[in-house]
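Chemist: Spelled out from the first residue to the last, the chains are:
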Amino acid sequence: MSPRITLAVAGRVLTQLHHDRRTVALLIVVPALLVTLLRYVFDGRPEVFDVIGPGLVGLFPLISMFLVSSITVLRERTTGTLERLLTMPLHKLDILAGYGLAFAGLAAVQAAVVSAVAFGLLGLEAAGSPWAVGALAIGNALLGMALGLLVSAFAATEFQAVQFMPAFVLPQLLLCGLIVPREQMAGALRVAADALPMTYAYDSLQRVANDGALGSRGTLDVVVLAGAILLALALGAVTLRRRTA
Amino acid sequence: MTDAIAIKGLRVRRGGHDVVRVPALDVQAGAVTGLMGPSGCGKTTLMRSIVGVQRVAAGQVTVLGHPAGSAALRARVGYMTQAPSVYGDLTVRENLRFYARVLGAPLSRVDEVIDAVRVPARARQLVRDLSGGERARVSLAAVLLGEPEVLILDEPTVGLDPLLRLELWRLFAGLAERGATLLVSSHSLEEARHCDRLLLMRDGELLVADTPGGLSRRTGRENLEDAFVELVSRREEVAA
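As you go down the protein sequences, you meet chains Z and P in turn.
Take 1 as the starting number for the first sequence in my numbering and just add one per residue.
Take 1 as the starting number for the second sequence in my numbering and just add one per residue.
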């Protein structure tokens, strides 16, 4: 691995985004708008907003980075630039780390804006610090990126890649406990939820929001999350093949 | 004469049958070798095998003394794919600066290669807005960045105007003079005259490996297109 190449990949991904300002604007503005929408949907019951707000703020980056990375990496696969890179003297980890760095940077901006709007303007209340929520959001963005990179190997077209969002992310969002507490779900679904990474992302956010700190269970959640990111990246690295049929 | 590329018993299978069968092939170092043949004859698959990105069923491909695709070769072999493998959403310079950083080439190379392939590098124009021929030349420029010893170029001159094509062939000859080994594919036999050596391919097999002059003598035809037809018909007679 080489820092020079990792930074080159990260710089390139950010330059591509720089040329696509509309996507960047959507990535940054849409989560803030949705949180605002939510705040006024629950206008009569602000306590509900306080319960689901932090979870949503922390999970947005996961969803959007999943989409952005699955499509960016799919383009690399289909246009031959990935094949070219893999004939060059670089390590696959350089590509993964470069993507991770770029998307973590983007996620940081996204998380900062949506947190500022939610906690600053909309009066979202959380026991923990908004900074902790933001930090978890960046971690979640990395998970989204790693999952997006992995599923891009199974998509032949951008249409398919987009469809992986509802297929991979929506069930996790339904099962993680954000919409209905997991204790109220059917037993089989609770077991399924325990196997899905977003459950741990959501739990860590809830602990910060409700208890003010991660605590030992929350720390465990973060460890599981880190493991899930590494596993998804390792599986993603396997799909970056130097030799193809 | 030394050989930069040596192939023994290469077989590539796809969809249940052999798409490339090359019992033996040597590509001479410091020369421009043309890989000619109709589209679909296996040129790209053979090139991919030499670069080491093709999964092969059997055989050995050795480049500069190393097995094709080995890590030691990655800085020494440059591969230009047939479809331009450049980022459409970056400018020409941004593309080349990125590849230069990956290859560890000095950034001053960027302007040198832009000049060498004569591609317009307007400050704000994205590569996706260039013509197909221009995009291909950006892709070629990226190969030149690292000054590789072996260049595998898949149809670099397709769709270019005759003057530009000539300039590129001169560029290739210049690289070979300085010791580089070039394998350049084309489906147009007209371009064969620019090559030091020729490989003619058809249906996944090599018909002949010779110099353009040798090919004419062998077939008694001055025109390379006629020589190709002559070779194919002789082969079919033998097969019948």
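FYI, nobody ran anything at the bench for these hints, they're computed from the structure.
Hints should not be assumed to be uniformly reliable.
[Stated by the list, open to error] Computed footprint of chain P on chain Z, listed as stretches where at least three residues anywhere in the stretch have a Cβ under 8 Å from a Cβ of chain P:
#1 49-56
#2 70-82
#3 87-93
Built from N, CA and C at the ideal position, the CB exists for glycine as well.
Chemist: Each of the hints needs a verdict: does it hold here or not?
Modeler: Status of the hints after comparison with the structure:
For the segment 49-56 of chain Z, the stated coverage by chain P is violated: 0 residues have a C-beta nearer than 8 Å to a C-beta of that chain, whereas at least 3 were required. Proximity of the segment 70-82 of chain Z to chain P, defined as three or more residues with a beta carbon under 8 Å from a beta carbon of that chain, is established by the 3 residues found. Check result for the segment 87-93 of chain Z against chain P: holds, 4 residues qualifying (beta carbon to beta carbon below 8 Å, three or more required).
Taken one by one, the earlier hints fail for this structure only at number 1.
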